[in-house]
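Colleague: Sequence:
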Amino acid sequence: GSAVAAWKRRAGYPAKMIIPSIGVPGQLYLSGRKPLPLAYRLRAKSRSKAVAKAIASRPVRVKAMETMVAWSNVPLIEHPSGSNRVPELQNMARALNLSDYYHNMGWPWCAFAVNLAMLRHGSKTAALGLREGKFNALYTVDILNKALNNQYGMRVVGASQAQPGDLVMINFPGGDPRVDHVGMVRKAPAGGSVQTVEGNTSLSGSQDNGGGVFLKNRPLSNVSAFIRYQ
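Each number in the numbering used here corresponds to the 1-based position in the sequence shown with 32 added.
Take the hints with a grain of salt, since some may be wrong.
Subject to a maximum C-alpha distance of 25 Å in a straight line, what follows is the list of computed DMTMM-like cross-link-like pairs (lysine to aspartate or glutamate) [unchecked claim]:
1. LYS248 x GLU110
2. LYS95 x ASP240
3. LYS95 x GLU164
Estimated spans, in silico, between C-beta atoms of each pair [to be verified]:
4. PHE204 x SER63: 51 to 59 Å
5. ASN181 x HIS111: 36 to 44 Å
6. GLY165 x LYS81: 36 to 44 Å
7. PHE204 x SER78: 45 to 53 Å
8. SER192 x PRO57: 46 to 54 Å
9. LEU70 x GLY165: 54 to 62 Å
Calculated directly from the structure, the hints in this document are not laboratory data. Keep in mind it's a predicted model, so treat the numbers as computed, not measured. Where a beta carbon is used, it is the ideal one built from N, C-alpha and C, also for glycine.
Work the whole structure out from these sequences, hints included.
Modeller: As structure tokens, then:
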């Protein structure tokens, strides 16, 4: 039913006719035995443009987060295990003309993952860090410091304002006193926790040097800050 309604929308049916059932004319249209009316085709074209425009206008942070979620679905992992080298991220760095990162990857890479995803979608903040070296985009402490000082397009936002794609700065017991890991918000915080997508973590092993991109659910007690960026 829902698939039929979705097809009708794509095919240019009038709004009042987009219902989860299909009659004989619809079956003929769907099979290609009868051409769609011109009005339908024009409406479909207009809807397609509107969808493309809406997708293109989404914030950089949302597109960056969706890229990381796609990585988690694979998931991207270190190869060889324990090397702190992820071939897919190295290839992306090369494609983005970041040759030094392509050749030299071998360090904890949670911050590298989020910044690559950001840069891929045109983030000014990631460009200032990865391309221009204005701040250390690989070091969570420096990222937090710059955000606390409202530098390079970054600023700290409260948990109630955090949105998908914002950076989430995480502190685990025994690590740096303020922050030792970074991911992205997948869903706004609720019920004392936040759903994230993170690089260099794991499902059940080390959480800040685990070797893969995974979806996580973090208690807000482990969150040092949420950061909005450009």
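Colleague: None of the hints should be skipped; say for each whether it holds.
Modeller: Here is what the structure says about each hint:
1. Distance hint between LYS248 and GLU110 is fulfilled; the C-alpha atoms sit about 18 Å from each other, no more than 25 Å.
2. Proposed proximity of LYS95 and ASP240 is supported: the alpha carbons are some 24 Å apart, at most 25 Å.
3. Taken as a hint, the LYS95 and GLU164 pair is honoured in the structure, with Cα atoms around 22 Å apart against an allowance of 25 Å.
4. At about 57 Å, the beta-carbon gap between PHE204 and SER63 stays in the expected band of 51 to 59 Å.
5. Our hint of 36 to 44 Å for ASN181 and HIS111 holds, since their Cβ atoms are close to 37 Å apart.
6. Between GLY165 and LYS81 the beta carbon distance is about 40 Å. The supplied range of 36 to 44 Å therefore holds.
7. The beta-carbon spacing between PHE204 and SER78, approximately 50 Å, falls within the hinted interval of 45 to 53 Å.
8. A hinted range of 46 to 54 Å for the beta carbons of SER192 and PRO57 is consistent with their spacing of about 51 Å.
9. Checked against the hint of 54 to 62 Å, the pair LEU70 and GLY165 passes, with Cβ atoms roughly 56 Å apart.
Going through the hint list in order, the structure satisfies each hint without exception.
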